[in-house]
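*Asks:* Residue numbers (the UniProt record's numbering), protein chains in the order written: chain H, 1 to 163; chain B, 1 to 163.
If you are wondering where the hints come from, they were derived from the structure by calculation, not from laboratory data.
Mixed in with the good hints there might be a few duds.
For chains that are exact copies, the list does not tell them apart, and a pair is met inside one copy or across any two.
Stated by the list, open to error - Below 25 angstroms or equal to it, Euclidean Cα-Cα: the simulated SDA-like pairs (lysine to any residue) are:
(1) 44 to 32
(2) 74 to 156
(3) 44 to 130
(4) 44 to 109
(5) 74 to 9
(6) 44 to 152
(7) 107 to 71
(8) 107 to 52
(9) 74 to 144
(10) 74 to 110
(11) 74 to 149
(12) 124 to 33
Protein chains: 2
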Amino acid sequence: MTKTKGIFPILLRLLALGATVAAIVVMVTSHQSAEVLNLTFTAKYNNEPVFVFFVIAEAIAGGYSLLVLVLSAKSFLWRLIIISDVIVTVLLTSTISAALAIARVGKQGNSHAGWLPICGQVPKFCDHVTGALVSGFAAAIIYLLLLLYSLHAVLSPVFSVNP
Amino acid sequence: MTKTKGIFPILLRLLALGATVAAIVVMVTSHQSAEVLNLTFTAKYNNEPVFVFFVIAEAIAGGYSLLVLVLSAKSFLWRLIIISDVIVTVLLTSTISAALAIARVGKQGNSHAGWLPICGQVPKFCDHVTGALVSGFAAAIIYLLLLLYSLHAVLSPVFSVNP
Numbered sequence: 001m002t003k004t005k006g007i008f009p010i011l012l013r014l015l016a017l018g019a020t021v022a023a024i025v026v027m028v029t030s031h032q033s034a035e036v037l038n039l040t041f042t043a044k045y046n047n048e049p050v051f052v053f054f055v056i057a058e059a060i061a062g063g064y065s066l067l068v069l070v071l072s073a074k075s076f077l078w079r080l081i082i083i084s085d086v087i088v089t090v091l092l093t094s095t096i097s098a099a100l101a102i103a104r105v106g107k108q109g110n111s112h113a114g115w116l117p118i119c120g121q122v123p124k125f126c127d128h129v130t131g132a133l134v135s136g137f138a139a140a141i142i143y144l145l146l147l148l149y150s151l152h153a154v155l156s157p158v159f160s161v162n163p
Numbered sequence: 001m002t003k004t005k006g007i008f009p010i011l012l013r014l015l016a017l018g019a020t021v022a023a024i025v026v027m028v029t030s031h032q033s034a035e036v037l038n039l040t041f042t043a044k045y046n047n048e049p050v051f052v053f054f055v056i057a058e059a060i061a062g063g064y065s066l067l068v069l070v071l072s073a074k075s076f077l078w079r080l081i082i083i084s085d086v087i088v089t090v091l092l093t094s095t096i097s098a099a100l101a102i103a104r105v106g107k108q109g110n111s112h113a114g115w116l117p118i119c120g121q122v123p124k125f126c127d128h129v130t131g132a133l134v135s136g137f138a139a140a141i142i143y144l145l146l147l148l149y150s151l152h153a154v155l156s157p158v159f160s161v162n163p
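Kindly generate the complete structure, drawing on both the sequences and the hints.
*Replies:* Dropping the structure here:
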């Protein structure tokens with residue numbers, strides 16, 4: 001199990017921590033007011049539940065990354081690391097996918113459903129959301145890599161013992 | 001590795017196969033025409049790219065489940081089963097989350113963005129999509145359970161050898 005605490009996983013967890021913090025900061029600071037047909041409206045990330053879930057998931061993944069970085073490899077919790085990595089990877093994948101789906105409607109709309117794109121009215125808000133989603137996407141990819149690396153490290157002895 | 005080919009994983013893969021096939025059939029057959037303001041429009045799953053991705057992902061996961069069910073445990077490919085289970089779980093989670101996010105807008109709309117719900121106009125279409133998403137959600141949960149079970153089975157000897 002020591003392989004899962006090598007320099008490569010530590011580097012990946014640091015990167016994931018950075019990506020999740022960046023995603024949270026950029027998403028939470030995204031708001032822009034615009035005037036359409038004499039009505040002022042404000043675009044905020046918390047107008048869309050999916051973006052709120054996204055921020056919560058990034059916070060959980062960021063906190064988890066920090067916890068694992070400071071956790072001793074001798075700790076009992078260390079045994080659960082691959083299982084918890086699976087949970088965090090699934091959580092990050094789920095929320096980034098949902099947020100990307102909504103962001104696509106915001107950018108391109110869906111003419112069949114009569115949903116108009118909003119990025120023309122609130123371009124700065126859309127830029128912020130795009131930045132947050134890029135960071136969130138990076139965090140999900142990093143966790144997937146981390147998981148595949150840990151699995152490879154842990155499964156190699158199993159393969160050689162029981163081919 | 002033999003534990004990953006027990007009766008419980010086989011049952012889960014059969015269930016996952018059934019769930020993905022059900023999701024595909026129910027989603028692909030979902031279409032309804034409605035008249036709004038003298039304009040006839042047809043709601044179809046392939047009007048929304050996210051639903052198309054959903055169907056593709058369910059087809060990949062269904063085909064993969066079938067392949068694993070007929071694959072010999074002595075095959076070289078069997079060694080890669082946990083890695084490929086991770087990929088399939090992430091794929092299913094990603095597409096169901098994106099589809100759920102869009103379906104939520106279809107059902108409840110987003111007043112801040114001016115996106116109106118469409119389920120009032122095309123209730124049968126919405127019922128079909130809901131059914132497909134329930135099946136897709138079940139498939140994702142089954143794969144997550146399968147993955148956690150396989151990890152537990154594979155990691156147990158690792159834990160006892162190297163505590």
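*Asks:* All hints, please: hold or fail.
*Replies:* Consistency of the hints with the structure:
no.: 1; hint: 44 to 32; result: within (7 angstroms within a copy, 34 angstroms between copies)
no.: 2; hint: 74 to 156; result: both (21 angstroms within a copy, 17 angstroms between copies)
no.: 3; hint: 44 to 130; result: within (13 angstroms within a copy, 28 angstroms between copies)
no.: 4; hint: 44 to 109; result: both (18 angstroms within a copy, 16 angstroms between copies)
no.: 5; hint: 74 to 9; result: within (16 angstroms within a copy, 31 angstroms between copies)
no.: 6; hint: 44 to 152; result: neither (42 angstroms within a copy, 42 angstroms between copies)
no.: 7; hint: 107 to 71; result: neither (41 angstroms within a copy, 44 angstroms between copies)
no.: 8; hint: 107 to 52; result: both (18 angstroms within a copy, 19 angstroms between copies)
no.: 9; hint: 74 to 144; result: within (24 angstroms within a copy, 27 angstroms between copies)
no.: 10; hint: 74 to 110; result: neither (52 angstroms within a copy, 49 angstroms between copies)
no.: 11; hint: 74 to 149; result: both (20 angstroms within a copy, 24 angstroms between copies)
no.: 12; hint: 124 to 33; result: within (10 angstroms within a copy, 37 angstroms between copies)
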